[in-house]
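Assemble the whole structure, with the sequences as input and the hints as a guide.
Protein chains: 4
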Amino acid sequence: MIPRYTRPEMAAIWSDASKYRIWFEIEAHAADRMAELGVIPKEAAKVIWEKAEKAEFDVARIDEIEREVKHDVIAFLTHLAEIVGDEARFVHQGMTSSDVLDTCLSVQMTRAADLLITGMDRVLAALKKRALEHKDTVCVGRSHGIHAEPTTFGVKLATFYAEFARGKRRLEMAREEIAVCAISGAVGTFANIDPSVETHVAEKMGLQVEPVSTQVIPRDRHAAYFAALGVIASSIERLATEVRHLQRSEVLEAEEFFSKGQKGSSAMPHKRNPILTENLTGLARLVRMAVVPAMENVALWHERDISHSSVERGIGPDSTVHLDFALHRLANVVENLVVYPERMQENMDRLGGLIFSQRVLLALTQAGASREEAYRLVQRNAMPAWRGEGAFLDNLKGDSDVTAKLSAKEIEVLFDLGYHTKNIDVIFDRVFKD
Amino acid sequence: MIPRYTRPEMAAIWSDASKYRIWFEIEAHAADRMAELGVIPKEAAKVIWEKAEKAEFDVARIDEIEREVKHDVIAFLTHLAEIVGDEARFVHQGMTSSDVLDTCLSVQMTRAADLLITGMDRVLAALKKRALEHKDTVCVGRSHGIHAEPTTFGVKLATFYAEFARGKRRLEMAREEIAVCAISGAVGTFANIDPSVETHVAEKMGLQVEPVSTQVIPRDRHAAYFAALGVIASSIERLATEVRHLQRSEVLEAEEFFSKGQKGSSAMPHKRNPILTENLTGLARLVRMAVVPAMENVALWHERDISHSSVERGIGPDSTVHLDFALHRLANVVENLVVYPERMQENMDRLGGLIFSQRVLLALTQAGASREEAYRLVQRNAMPAWRGEGAFLDNLKGDSDVTAKLSAKEIEVLFDLGYHTKNIDVIFDRVFKD
Amino acid sequence: MIPRYTRPEMAAIWSDASKYRIWFEIEAHAADRMAELGVIPKEAAKVIWEKAEKAEFDVARIDEIEREVKHDVIAFLTHLAEIVGDEARFVHQGMTSSDVLDTCLSVQMTRAADLLITGMDRVLAALKKRALEHKDTVCVGRSHGIHAEPTTFGVKLATFYAEFARGKRRLEMAREEIAVCAISGAVGTFANIDPSVETHVAEKMGLQVEPVSTQVIPRDRHAAYFAALGVIASSIERLATEVRHLQRSEVLEAEEFFSKGQKGSSAMPHKRNPILTENLTGLARLVRMAVVPAMENVALWHERDISHSSVERGIGPDSTVHLDFALHRLANVVENLVVYPERMQENMDRLGGLIFSQRVLLALTQAGASREEAYRLVQRNAMPAWRGEGAFLDNLKGDSDVTAKLSAKEIEVLFDLGYHTKNIDVIFDRVFKD
Amino acid sequence: MIPRYTRPEMAAIWSDASKYRIWFEIEAHAADRMAELGVIPKEAAKVIWEKAEKAEFDVARIDEIEREVKHDVIAFLTHLAEIVGDEARFVHQGMTSSDVLDTCLSVQMTRAADLLITGMDRVLAALKKRALEHKDTVCVGRSHGIHAEPTTFGVKLATFYAEFARGKRRLEMAREEIAVCAISGAVGTFANIDPSVETHVAEKMGLQVEPVSTQVIPRDRHAAYFAALGVIASSIERLATEVRHLQRSEVLEAEEFFSKGQKGSSAMPHKRNPILTENLTGLARLVRMAVVPAMENVALWHERDISHSSVERGIGPDSTVHLDFALHRLANVVENLVVYPERMQENMDRLGGLIFSQRVLLALTQAGASREEAYRLVQRNAMPAWRGEGAFLDNLKGDSDVTAKLSAKEIEVLFDLGYHTKNIDVIFDRVFKD
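Protein chains in written order, with my numbering: chain U, 1 to 434; chain V, 435 to 868; chain P, 869 to 1302; chain A, 1303 to 1736.
Some clues are possibly wrong.
Pulled a few chain A residues facing chain U out of the computed Cβ check, cut under 10 angstroms [said to hold, decoys possible]:
1) 1304
2) 1546
3) 1588
4) 1594
5) 1608
6) 1613
7) 1724
8) 1725
These are computed hints drawn from the structure, not numbers from a lab. Because the structure is a prediction, the values reported are computed rather than measured. Note that the Cβ used here is the ideal one computed from N, Cα and C, for glycine as well.
Okay, structure coming up:
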């Protein structure tokens, strides 16, 4: 994880301290159930909690042990024994390292998802607020980067709201899928451990039971999770790209908030660069790059190999940390985005009414022209306007083939913005119904 | 799509004939509603259906027109006018090409998903059947490719069943997400078309209404769809890899069915190669490679650019066709897999009882040894067995430090396969409960 | 390969007819050398050439045989025997299928590279021509989409020329790497075939000898090849993105050529959309998506597995065909690009001289201001100009802190375009030196 | 970068301290040349070196300034002014941040490449040593995981040697491509800076001059670099996969060195897992995942946008650090690999001579059988042997159709390992010629 793109809340989930705390809880809850089953002494389970529940695990010490034994769980258990004493030998009975590691990863990924959902909510709230604010702020809609027809800035934001709402639902499903616990032993058969231990730990840790595991929780769950993040990242990229376009010198319909003291360019002091959204574009790539390795991780050999582990040590923290940061940066951009309605109007006027061309086309057809003919009539009056030769409206009114079908009055009526915004409420009702 | 990895059912969904048929239906249903609204003559809507509902669209003719006008929808509409006659000018009123293209793509992707779900069902049925058949077929479980503890072949298959069941659920959700209709005009504002046209077409085509579109249906829906395919492909790879491993000369616990007349190797006639599952491994890569470009497609400029189109012309058919083929090939592999239980037993016996080591470790701990001591005792008797020096059981019985804690009788009891399979029913109940 | 993005020259390389022709040549050349070595009768080698050199191989017949024997090379050899007769039994002696398949793939990928290099040359020639034409066509340079300082359109194109020249060099290296022949038998040991057969075939087919093969030519060669294509595709995307930006309604400094009869939009007849470059953006994604599976293909099991094969049946033709098409489409765009120098000038003037701000900053520093102070002075005169309040030049001349350091005359001199273009020749000399 | 997969040598290249040191050198060398040109006072250039050449830059202080000004280069320059004093205002004259940032990145990536080349050399040396050691260690070659024909362990290693040698050459080329310096100002036109500054700094920093830059060094160079790393990572995966296969319980022809004190499994103490090569498999995925975002970074907008920056902050250090670690881990695996020649022989004998089947096939063909007939004869004697019914040699000798063509003596001669190893020297001469 790159420090400058890291929020401490998310980093904390992935810290060693947090990891060892979760490991402890899994082991201690498992011991509780084993004690109930009579597999280990009740007293042992009690002592484990008493001695270690409040203890600070010594990360450096565990690292030191690991360097010797080259096995992280054994290193942790050894350190736990240093804290708990003799009863520690009852910990981890019949369990395998992956029971602890994988269930812990589930807990971390679940917590990370929760934090990401909070971030999504902030983005959604910002989008909704600004969308309502600009529901009627008319601007030109563009396809292929070319002026098409009028829309409103609120509608633009509504498309993002709906998209992020979908992303949130997918994330919630990914969260549900990853929130599983497996304590099933070396090859998933519960040979050395009773299935009720798994059920007990799952319940205590807020997880569902993995119906069948090998030595590990199957990696299709993780792959689906990272894929959900990848799609959200791509939606972030879409919104970031929109802002970057709107902030271009020639367009300038909106701008990232530029704080006092911030310097845009070491060389060109007047420049206000959309660096936050450019940065978000890059972060989207970073988050997305985890998707393929997460999918490559699925095909583990037989009951498991450990090839997924190094991948997850990377993408687990990195993808969630960078996406978390990106969501909050994005929310900030949306919340503080400076919008220039006058400029939107100016840009729309620039093409001399060409944005009303489709309506003219339609009116001509309805007045009896064939589609082909209407197209030709519009084009021969539109192209000069496009080149700056006369306004489209004037050209039409001066074309006798057009006026043979539509009167000047009828043509003028077609150049009406209200025509384009009349269904905005329908859209807003659909998107913001709840 | 690669012909040899193509089933005609899926190819048909993506054929030009199928595409133009869907385009027609969208246009004709839209005309119906426009007629009801009085936007176009009722008679026109009727004639459109009458003249074209049964017509064969001439793909070559449409291609010819497209070469001239360089626009596929206009080419189609021109050809439609050749069939329908004068009333054709009422078709497509107030609509934009993307209304047709994107809704059509939704229909195709929805149908493709349905076909894929059928394929998933076949795989699931095969897995369930073989899992139940081999519920008690004991074989060694392996982690890191190394013998671990016994499991059953049925449990192995159960893990795949559960994984494909998850894949199916994700696919169903992706299907639901893509089954949307957008007929909202040039920038999504319904300026030239009434929203009820969209509602009507959606209903007729079996789709939901897209709450807010730009000119296009937002591509996060498509990205999520291809990601769902990518995860399924990865699960296919996992199962394919399992079979490939089991068919290795040294393992040979299972084998792809080898039909009469099939030749394994041009040079080595005895060879039976797992070529189907190797092929599936490659197909998984092909399906997976669509995920990133599908995500790159999300960030279209403003109300749309057309960069996604060429990508989708490739990955739309290719990913669904190849995955469809892969699912049926996989089902075939599972249905006909030749399983060798005796060889499974032989392989399990090969390590002289080492697979019972964890149970011995556990018993020693319960008999009072510290975890560290138990580990040492097991290891010093296991390692010689591993090197082929004495059976593990004999070594243990000859180690006085061990026998100080466990009698020979008590040790022998630990070498019992039933111990490892006692919870298989729990697993099967969880996985196959419905 | 998508028909509309396919040029027949490249498709031909990947046709079945072409493949079988290459297979035949490999087998026949191998037979020649084996005859020289006395392994097979000289007469046999002669008859093989005589009977089959001019023969048309019957693709449908080979397909039919393959459906039965499920092995493509055996199917081909069987068909060859139908043509050649009894002597056909001397063909393929001691060879393995991969000897033929892999060497053939090398030939195809080499020929594909040659065709791609031709395409690169066309792009380079177009870029050079237009760069020289517009060497002095001044336009604004933009960082972050914001006006920065003046450059020339020729310099823009020169950056692409240099980039494509690098791409070509990498492609030439990839071509050299893939142009290898392996005829080394079932596990690469030349057990059943003399190494001189490989040397002979290599020479005849215009290839180098693979120093050591397993059963196959190692796939790192292919991965490097597809990676080289992926980087070129990314450069295409950069140029396509540049054109798309320049063609935006608000910028309109350049435009794709719009042919007579072409229709831009079914709904908005005036629109001229940069659809070629948007399409190129998508094609870039399609080409790039082959890179990861090509890399996943490297880690074949032991002396080979066949997982790479289905991948290569897809990406081999698709990536080269789509890149080939993209290069020619790109060349076409560059050759015919409509450039609007007046609009470039207009856009540059829009910010009222702000593009000269760095030079002012520099002059202030050289006149004794600290960097911090100079920055402040520039910014306080630049920001109003940015908001449309006064021209930058006028603002500066009205700021007494500025004029305390620089006279009005000295300030005016700083607003000189020639200052920015004085080193263009240096750049052109570097880039177009040969 | 993941600490446990990080070697300090590589981490140092990417440290803040190292970065600021390089920034300083670029600025100071630039100042030297500017002083020569008379753009800044000679004394200033001298003072800059004197005051800062030995200085420790205070990373925390620079961070603090950056938090305020939100611009890293300005923060550094401000801190430099704190060290150098008044003369600092002559630093960075006419330069733009990217001149410093991009040239620094080139230096870092060049140094990283050098370190990676050292790692490659270690891998190559280990492979060569072990290949020569095992040149004649016969083992079975496998295609599709199935026994094919004999090869030697040395030949296996030779294929990797040749592959890594190619990887090294590609890396050297990538290094050459990235070793460029750009000091060309805000849009690459040298408006405010003389081109000779760039030439001077390039020479001093051991770089070539970038012939034409925009504001940045073009990212195709970086993409090619990360692609080169990705192919090497894939080769690592191939070798890791080979070792993992050889270490499987059923194969056990080689094993990773298992150090004293290392614990294989917390539950199964006898297990020796190929965890290093499994880990390398995962690291390969991590390195490879940088390739696509590096390619996505190419298409920056106009003269630059900053979307690449966050990506490179991630993949720059991560990919080089993880690959560096992987190379040394791999070298370690190869150097210490425990090889079991007896087991190789045992495995080879397991199939009762089936590995000689192709030679028998060939001999039958040469004795007059048609290819089809020979295939049939071999297969009907091979398949029983495959099922464990009789040795292949015995079966053949008992088949009168076979003995009608080949005498028992002639058949026996075909079962000769020497036949398979006779060309090993040819291969070794090719691979290790230098």
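> Tell me, which hint numbers fail for this structure?
Replying inline: Of the numbered hints given earlier, those the structure breaks are 7, 8, listed in rising order.
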